[in-house]
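*Asks:* As a plain string of letters, each chain reads:
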Amino acid sequence: MTEKFEPKITAFVCNWCTYAGADLTGTSRIKYQSNVRVLRVPCTGRIDFMLLMKAFQKGTDGVIVSGCHPNDCHYTSGNYHARRRWMVYKDLMDFMGVDTNRVTFSWVSAAEGARWAQLVNEVTDNIRNLGPYAEYKELAVAGIE
Amino acid sequence: MADTFKLTHENLDSLFAALRKDGRRILAPVDGDGRTELNEVEKPSQVAKGYIQTIMSAKDVVFPKVERLLSYTTAPGTVELHDAEPKALPTVLFGVRPCEAKAFGALDAVFNWDYRDKFFNARLEKMAVIGVSCLKADDACFCTSLGGGPADTAGSDILLTPIESGYLAEVLTVKGKAIQALAPNLFTPGNGVDKAAIAAKLEQAFDQPALTAKLPGMFENELWEDQALRCIGCGACAYVCPTCVCFDIQEEADPKQGQRLRCWDSCGFSMFTLHASGHNPRETQSARWRQRIYHKFSTYPERYQMLGCVGCGKCTRACPVDMNLREHLVEAANV
Amino acid sequence: MEALKQKAKELLQNGDVKAVLGYAVGTAGVRRPHFARNPKQVDALVLDEKCTQNLATYLTKHEVKHLGKVAVVALPATQRALLQLVAERQLRDDAICLLAVDGGEVKTLSSGAEVEQHLALKTDAMPAADKAMIEKLMAMTREQRWAYWQQELSRCVKCYACRNSCPMCYCEHCTMDCNRPQWVPVASHALGNLEYHMVRAMHLAGRCVECGECGRACPVGIPVHLLTFFAEESTAKQFGQRAGHTAKLDYALSTFKPDDKETFIR
Chain A
786 MTEKFEPKIT
796 AFVCNWCTYA
806 GADLTGTSRI
816 KYQSNVRVLR
826 VPCTGRIDFM
836 LLMKAFQKGT
846 DGVIVSGCHP
856 NDCHYTSGNY
866 HARRRWMVYK
876 DLMDFMGVDT
886 NRVTFSWVSA
896 AEGARWAQLV
906 NEVTDNIRNL
916 GPYAEYKELA
926 VAGIE
Chain B
-18 MADTFKLTHE
-8 NLDSLFAALR
2 KDGRRILAPV
12 DGDGRTELNE
22 VEKPSQVAKG
32 YIQTIMSAKD
42 VVFPKVERLL
52 SYTTAPGTVE
62 LHDAEPKALP
72 TVLFGVRPCE
82 AKAFGALDAV
92 FNWDYRDKFF
102 NARLEKMAVI
112 GVSCLKADDA
122 CFCTSLGGGP
132 ADTAGSDILL
142 TPIESGYLAE
152 VLTVKGKAIQ
162 ALAPNLFTPG
172 NGVDKAAIAA
182 KLEQAFDQPA
192 LTAKLPGMFE
202 NELWEDQALR
212 CIGCGACAYV
222 CPTCVCFDIQ
232 EEADPKQGQR
242 LRCWDSCGFS
252 MFTLHASGHN
262 PRETQSARWR
272 QRIYHKFSTY
282 PERYQMLGCV
292 GCGKCTRACP
302 VDMNLREHLV
312 EAANV
Chain C
2 MEALKQKAKE
12 LLQNGDVKAV
22 LGYAVGTAGV
32 RRPHFARNPK
42 QVDALVLDEK
52 CTQNLATYLT
62 KHEVKHLGKV
72 AVVALPATQR
82 ALLQLVAERQ
92 LRDDAICLLA
102 VDGGEVKTLS
112 SGAEVEQHLA
122 LKTDAMPAAD
132 KAMIEKLMAM
142 TREQRWAYWQ
152 QELSRCVKCY
162 ACRNSCPMCY
172 CEHCTMDCNR
182 PQWVPVASHA
192 LGNLEYHMVR
202 AMHLAGRCVE
212 CGECGRACPV
222 GIPVHLLTFF
232 AEESTAKQFG
242 QRAGHTAKLD
252 YALSTFKPDD
262 KETFIR
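Protein chains in written order, with this note's numbering: chain A, 786 to 930; chain B, -18 to 316; chain C, 2 to 267.
Fair warning: there could be bad hints in the mix.
Pairs of lysine-lysine residues, derived as DSS-like cross-links and limited to a Cα-Cα distance of at most 27 Å, are as follows [to be verified]:
(1) B:Lys237 with A:Lys922
(2) C:Lys66 with A:Lys875
(3) B:Lys(-13) with B:Lys24
(4) A:Lys816 with A:Lys922
(5) A:Lys922 with B:Lys68
(6) C:Lys41 with A:Lys875
(7) A:Lys875 with C:Lys123
If you want a taste of the chain C side facing chain A, the calculated C-beta under 8 Å gives, among others [unchecked claim]:
(8) Gln152
(9) Glu153
(10) Met199
Pair by pair, the computed Cβ-Cβ distance ranges are [as the list claims (entries may be wrong)]:
(11) A:Asp808 with C:Arg90: 36 to 44 Å
(12) B:Arg16 with C:Asp44: 54 to 62 Å
(13) B:Glu145 with C:Pro40: 53 to 61 Å
(14) C:Glu144 with B:Gly147: 19 to 27 Å
(15) B:Asp119 with C:Arg267: 53 to 61 Å
(16) C:Asp44 with B:Thr280: 54 to 62 Å
(17) B:Gly128 with A:Asp879: 53 to 61 Å
Simulated from the structure, these hints should not be mistaken for lab results. Think of the CB as a built atom: it goes at the ideal place given N, C-alpha and C, for glycine as much as any other residue.
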């Protein structure tokens, strides 16, 4: 018997916009798929690329990174800094052959509860179609005698 | 006294087939992308020609760069421990140089000193060495300064020395005899070839016993600082070295599972001796460089009655800043 | 060559510098870094097309700083690295004495501004072979690129020669050496190797002066420099600035423009 694959999605979200937006999704009683694990950080500027790496290292199948829309950062410019970092990191991941379809970057504001639900549903469906991130998971056992 | 035979090229082909039929993998130097490295081969024709040495040493076969020692899983209230069993495959190392063959002795001294390491021993037991004598040496080589030689038999189970139409084959150990017994007809009676005349000529560069004797009195010599100034403190020398044996134990743990790994480490790293307090007894690169020399040429002889270096020169070839070990030892010997 | 030796001796004799760092003949004719600490040691200096190493790496090392001021024989890549070190506030003008040898004569450069001026006269593009290789990789499918790097990196033993030879890798405590938290596995298994090289390239994005020293240093010949070259090119293309061309440069990834253009954020 093979169990149906349910992806594990890790979401790194900022405290002020996306986390509050996700909160609004709940208080608005909008349902969305439960595959996502939300990790709240102060600001997208705090989301080091190594956090994304760590999520894959620990077996996630997909990652969402989300925060305040440009110009709306609680700390004025954290999301601008984050944007630059992702622009380079995404390029580099692709150059090294990491599947960038498994990383979704988004802006979701505190007022966009419905948008958050839609984002999670889309990402979850997409990753479910892609299947488990076998390539990366295999790394954990390769090269050990 | 070794039994000496002749092994023609055709017969070596057959010997490879016999070894593989016996269920052994054959690892030999193979050329690829301008690099010569140990790789699995099926036939002698796949073996690199004209190489002096591989870049990496063969120690990986008995002491892999990453090796699992144990793993565990946890559930509420319980821990289940899984002992790792070494994946010791029957292996024949073909074509390693006499210096490298000898180096297994230096590894053995540490792994079977106060504790018999089951991983190392399981792999060593399944491994046999068919060494091939050197016909040429380069500017990094200095085996003859350390009691070895381009046709030295130490460490090889069978030593082959290239001659016209094949090899002179010295069957040296029980393991060597077992290989010969797989296809005894392939080994034809050997003639009285003088292998010293064939093997590479390499002059002794310095007096090693004299150097070892004077090292304890040279600890504070400014020579080490001078030599180490261009060292960038990477671990290339230690990782290509056939005798460097230092390792680090790494725990890779999740809440529900974990594993313990043994990984190569190097005394050239500043982290190697860094204490939890922040104090580092070998604070400068020169102290670390000196340690490397002393461990191989002073500590090893004192503790194991052998050298921790075989003079293969791999470190010199691998070094990004050309720290030439032979040259540095000559310098130390001349102090 | 004689002019260089003359200049080196002069600097040492006048006490302007404590050492002159250049190149000397090493094993089997390779060129190695050479510290001349007295006029006698100057005689071993050589300079030819075989001298490729980026000597700026030494300027931030404790043991070298400890010597006092050091004059450095500087190829264009060394000059770029020095300029980037100045931009990152790792070197002050009073510690700078470059002997620029790329113009046929020996030119002494003794401040970031002078190096910048000197460098502005030339363009030093990425070696054609490396550019071609990056293009070749980008023309592959993602799966092929993954396979390529997995194959290449499987040989990595984490000796850190790439890190230690890099003039921009001067951190006292490298992320690789931190274990609380342990970002990247220490072991050089497939996971540890991929993530190490990814972190190295990311940490050099916007800072790599494209000297290629890391790739030359790798004892097992992995083209690790392609990773940092690529990260630097990505930064240059997207943010319009390059490392190692000016003495005053805000790090590309710790600054921003409100109108930075990307195409993938939803």
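*Asks:* If a hint holds in the structure, say so; if it doesn't, say that too.
*Replies:* The hints, checked one at a time:
Of the pairs offered as hints, the one joining lysine 237 of chain B and lysine 922 of chain A holds, with about 16 Å between alpha carbons and a cut-off of 27 Å not exceeded. Restraint check: the Cα-Cα separation between lysine 66 of chain C and lysine 875 of chain A comes to about 38 Å, which exceeds 27 Å; the hinted pair is violated. About 19 Å separates the Cα atoms of lysine -13 of chain B and lysine 24 of chain B, which keeps this hinted pair within 27 Å; it holds. Proximity of lysine 816 of chain A to lysine 922 of chain A is assessed by CA-CA distance (about 30 Å); at most 27 Å being required, the pair is judged violated.
At most 27 Å may separate the alpha-carbon atoms for a hinted pair to count; lysine 922 of chain A and lysine 68 of chain B meet this at roughly 22 Å. Only pairs whose Cα atoms come within 27 Å are accepted, and lysine 41 of chain C paired with lysine 875 of chain A is rejected, the gap being roughly 53 Å. With a C-alpha separation of about 32 Å, the suggested pairing of lysine 875 of chain A with lysine 123 of chain C is violated against the 27 Å cut-off. Taken as an interface hint, glutamine 152 of chain C does not check out: its beta carbon lies about 11 Å from the nearest beta carbon of chain A, beyond 8 Å.
Hint status for glutamate 153 of chain C relative to chain A: violated, with the closest Cβ pair at about 10 Å, above 8 Å. A cut of 8 Å between beta carbons decides the hint on methionine 199 of chain C: the least distance to chain A is about 6 Å, and the hint holds. Separated by about 42 Å at the C-beta atoms, aspartate 808 of chain A and arginine 90 of chain C satisfy the suggested range of 36 to 44 Å. For arginine 16 of chain B and aspartate 44 of chain C, the Cβ-Cβ distance of about 36 Å falls outside the hinted range of 54 to 62 Å, so the restraint is violated.
A hinted range of 53 to 61 Å holds for the C-beta pair glutamate 145 of chain B and proline 40 of chain C, which are about 55 Å apart. Checked against the given bound of 19 to 27 Å, the beta carbons of glutamate 144 of chain C and glycine 147 of chain B, roughly 46 Å apart, lie outside it. Remark: the range hint 53 to 61 Å for aspartate 119 of chain B to arginine 267 of chain C is upheld by a beta-carbon distance near 58 Å. A beta carbon spacing of about 36 Å between aspartate 44 of chain C and threonine 280 of chain B contradicts the range 54 to 62 Å that was offered as a hint.
Our hint of 53 to 61 Å for glycine 128 of chain B and aspartate 879 of chain A holds, since their Cβ atoms are close to 54 Å apart.
When held up to the earlier numbered hints, the structure conflicts with 2, 4, 6, 7, 8, 9, 12, 14 and 16 and fits the remainder.
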